[in-house]
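*Asks:* What follows is the residue order along each chain.
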Amino acid sequence: MMLFLQFLFAFGATAGFTLIFNIPRRHIFFAGFSGACGWVLFQYLFLTGQSIIISSFLASCLIAALSELFSRVFKEASLIFIIPGILPLVPGAGMYKTMLALLKEDLTATAQIGTETLLMTGAIAVAIIIVSSFVRAVTLLLTSDRLR
Amino acid sequence: MGTVTVNQIEKNVLMLALRAGEIMLMSGSEIYRVEDTVTRICKAYGIPYVEVFATTTGIFISLDSGGEGKPYTIIKRIRKVAIDLDRISLINDFSRKLSDDPVPISEAMSLLEQIAAKEKYTFPLQVLGGALVASFFTLMLGAGYREFLCSLAIGAGVYAFGHLLDSLQFHLFIRNFLACALIAFLAIICSTAGLASHTDAMIIGSLMIFLPGLAFTNAMRDSLSGDLLAGAARAMEAALTAISIASGVGVVIFIWVAAGGVL
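Chains as they are written, first to last, in my numbering: chain A, 6 to 153; chain B, 109 to 371.
For reference, chain A alone in the conformation it holds in the complex (with noise of 0.2 Å):
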C-alpha cells in the first residue's frame, strides 16, 4: 500500500516535470509511468536492506532501459522520457542535508552525507551511461541507423 502512494507520488511529480519541460500531452502519462516504476523500486530495494547506491544505480537502470523503449515504441527522442524519469532520484535530499550538516560545521557528517549524495549521483550516471551504450550497441547490430 506504502509503495504504491509512493508509486502515485512519484507519477505526480514525474508529470509536473513534464510540464515545465514542454513534453507533448500524449506522452505524460509514459513519462511518468518510467518515473514511478523507477522510484517505486528504488524503495522496494531500499526496504529490503540493499544499499542507498545500488538501489539509485538499479532503479536509474530501470528507467533508462524503459525511456530507450518508449522512445523507440513512439519513435521520439528518448530525452523526452528519460530526463523527467530521472529525477526523482536524483539526491535533492541528500544535497540539502549536506549543506546543512556544512551550516552546522559538523564536517564528519557533511564527508559522510556528501560522499553518499556524489555516489548516488554516480551511480545514477553510471547507470545512464551502461543502459544508453548497450542499447546503442544492439542497435547498431540490428539497423545502420544510429541512437535516435
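What the hints contain is simulated information worked out from the structure, not anything from laboratory work.
Wrong hints could be hidden among the right ones.
Just so you have them, the derived chain B footprint on chain A, three or more residues with Cβ under 8 Å [stated by the list, open to error]:
no.	region
1	55-68
2	103-117
3	130-141
Okay, the calculated beta carbon distance ranges per label pair [said to hold, decoys possible]:
no.	chain 1	residue 1	chain 2	residue 2	range
4	B	161	A	144	21 to 27 Å
5	B	119	A	34	30 to 36 Å
6	A	110	B	347	19 to 25 Å
7	B	208	A	74	37 to 43 Å
8	A	34	B	156	39 to 45 Å
9	A	59	B	226	48 to 54 Å
Even for Gly, the Cβ is constructed at its ideal location relative to N, Cα and C.
Starting from the known structure of chain A, fit chain B onto it as the hints suggest.
*Replies:* Chain B alone, transformed into the frame defined by chain A:
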C-alpha cells in the same frame, strides 16, 4: 554563372541546417543529436562533404559540394537555452523525413520555422507543473497533506518567480540562488505560522524544480558519445547549479538560525 547557382543552393542548405542545429541547441539537445541532424539535412540535399562541430555554446558547420564551388563555413554562437524537449524531438523527426523526401528548401525552411514557433505549454500550466513537482516530492519525503498544500503554493510561487527572473535576464546561477532562497524563506514562514511542520520536506520538495536534470543527463550522454568538451561543460553547469541551489537555501537558513530561529 553555373557555379553561382550551385553556391546559392549550398548557402540555402547551410542556412537551413544551421537554423535546425541552432534551435536544437537552444532547446537543450545532446550534441551528437545536433551533429547527426545537421549532417542528415545537408546529405538530404546531396552535399557530399559536411563537417559539423557543436558544443553547448556554439555550432560550426562547414560544407563543400566539391568541384569548382567554394566551400562554405558558418559559425553560430548559442547564448540562450530554454529547455523544450518537444522541439528537439520534432526537429529530429523533421530531418529524418527530409532525408527520405527532400522537399524544396524554402518549404523545408518554413516547416522548420513552424516547429520553432510551436506553442509551449501556457504559462499557467508550467506553473502548475512547478507546483506539482514541489508538492508531490514533499509527499514522497513522507510529509502529510498540510505540507502538500503549502508546497503546492510554494512551488507555484517560486516557479513564477524563477520565470520573472529569467525574463529580467538574470544568469542561470543567480536565478537558482534567488529562487531557492525564496523557497527556504517561504517554507520557514509556513512552518512558523503553524501551517505545516516538516520544513525540511517542503524545502527539499520545492528545490527539486531547479535541479539540473537535463544538464546532468546530457553531461553523461555527451561524454559517452565522445563529445568530451560539451560533456565537461554540462557537468560543470550541473555542479554549479547544484551549488547555487544549496547556497541559496543555505544562506536563508543560516540567517534564520543566526537570528535565533529554530528549524
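*Asks:* Against which earlier hints does the structure fall short, listed by number upward?
*Replies:* 1, 5, 7, 9
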